[in-house]
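Q: The primary structure of each chain is shown beneath.
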Amino acid sequence: MNGFKAILLKEFAHIRRDPTTIFFTFMVPVLQMTIFGFAIDVTIDNIPLVVLDLDGRQDGRRLVEAMVNTQAFEVVERARDEESFRRALTSGRAKAGVLIPANYSERLLARETAEVQMLIDGSDSQVATTALNTVSLLATQLSAGRARTVQESIQVAAARDAHGDPAAPVEVRSRLLYNPDLQSAHFFVPGLIAIILQLVLLFLTSFSIVREREFGTLEQLFVTPVGKAGLLLGKLVPYALMAFGELLIILVAMTAIFQVPIHGSLGLLLGLSWLYIVTVLCMGLLISTLARTQLEAIQLAFLIMLPSVFLSGFMFPRSEMVWPIRIIGNILPVTYFVEIVRGVILRGADFIDLAPQVLGLSICCVGVMTLSLSRFHKQIE
Amino acid sequence: MTNDLGVIQTRRLTKHFGHVHALDDVSLNVPGSSIFGLLGPNGAGKSTLIRMLCGVLRPTSGTGSVLGFDIAEDPEPIKRHIGYMSQRFSLYGDLSAIENIRFYALIYGLTPAQRREREEAVTALTGIGPYLERRSSTLSGGWKQRLALACSLIHQPRILFLDEPTAGIDPVARRDLWDLLFSLTHQGVTMFVTTHYMDEAERCSRVGYISMGRLIAEGTPDVLKAIAEVTPPGTRRYELTCAKPMNALAQARKLDHVRDATLFGTVLHVLLDETMSPEEMLTTLAPGDAVAAFRRIEPSLEDVFVALSRSRAAEAAA
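So the protein lines, in turn, are chains A and B.
Under the numbering used here, the residue at position 312 of the first sequence is numbered 312, and the numbers go up by one with no gaps.
Under the numbering used here, the residue at position 112 of the second sequence is numbered 112, and the numbers go up by one with no gaps.
If you are wondering where the hints come from, they were derived from the structure by calculation, not from laboratory data.
Taking lysine to any residue and the SDA-like style, the derived pairs with C-alpha atoms no more than 25 Å apart in a straight line are:
1. 228/A to 60/B
2. 378/A to 230/A
3. 228/A to 244/A
4. 228/A to 77/B
My request is simple: use the sequences and hints to build the entire structure.
A: Here's what the structure looks like:
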């Protein structure tokens, strides 16, 4: 522990004098929370729709009305002919098009199947899936509605409700747990804690060591009797404390601004956060033993950040990933911590619920720590 | 630790970086309270040697000891008793001069009382007093070196390693720094200095010359100047002053009686066979030159190193 106090004080002096460090530490979370908390809304509605109504009578108009009423669609254009209908789709003005044939009303009246053509732009799969699901549900409802009218007239029904009126034979009642309003902030903001902590810690710690290597001050330190433990702790503890302060700020913002309550134990969350902070500090240290320049450190940090954002389950569900990609996620500490934060905050999970994730994160921690400490020597080369 | 044992000793010390032989078979013995000057061109291995002696670079083979501790096996105790100034400024530019000094005082674990006393001592010694509150990145080259010296002296080291301490600072600052180093040797500190400058080498108690990773010569300046290879029997060394030294040099190189000729600024150093008289040389090399003159000289250290480098290169080529 030789020299711990000296290094610690010096490191705080650097931080105090370097506005970019402070800016980076406290602006990054503000920006990220604004983007993910407010800007990104994963529930899709108001898909631009182009309508070509060749029928033009009440039934056709009702169909379009029903589509707009789902709030999934918004009519942006009413085409006069097939040419302008296609043009609206190819130009991208509309993401979906509905073509109502001229004989739509007649066929309904004749109790024949009336075919409506729906064209959907598949290039954005999320929009396309929403459009597809909405129209098939709509078609089922419209068909069921017409069928019920027919049932009424012939006095036979597949099922009846408590009042004796015809009803659907099977009814599924869904209840949304943990995030009843399906707000994306609830999904993103807790996960963001894991991402922001890693981003800030990884860059700050690897930079603080590589910078000294680049400037030659590390070599100067190696010539002194400073201990390895004193040197590393003195350099890493300030950033661990900054990260913890940042965590508290995010938690306050999350509950106050985004109205995401913490269902589980705050103590458990903070305790496991320390395990995560230590793991990421060691990752930063590992980068600093591999990188000779700050530029190399940036590149290595990005190499870790990209899969952390995309493969950890923070943005996309991991169950949808093919197994080689899932394995990459399995070796990233952030994967386990995203699960831990969401578990504690959204589902009120306790230690037993999270045991597998805690174990995974602990293994990551021990692994990274062993690797980085064995690579860091008081030697140059 | 007696003087003849030496505070720094190496035996066949070798460092390879992959295929590059940065240092080969260097054996040295530096007595205490002396100034040892290590000379040699860039890339000769001077910094590599210093870094190994300071315990931050592991030797590939060979052994070395500093103050009796092995540099490869037991480098940490060495670090309590040495100071090191690297080639470039390696203090914290965003900290003030006094903050840098205090940082090193803390690193070396001085007690508060010792800290105050040493801060005053190194401030007085280096004269950095008026600049203590300045950010060290804003100091001039000479003052940066003085600050670095102050930091490396805070713990009263017994040996000071200085890697080109005067590179890039002005002549006045250079002279002041050397005066400072001399006053330190009088206090019993051993200096291990690398330099490019021959005039600095002349001021050292012992010098070594290193070229392409090998220590070519080592000893006191007087001993080195007396090496037979430098002034072989039957030859004499003259300094030749003339109007067109470049022409004279070209002529000298063609003359069989001239063993060696080197241009030093505007004068020519000529190693001449005794079979030719200096007057004869003068008329041959600078015919009709009214201002031409000669005088017999002792070899300078530069003559020594030039002569030794040439004969080593010739041996290597043979």
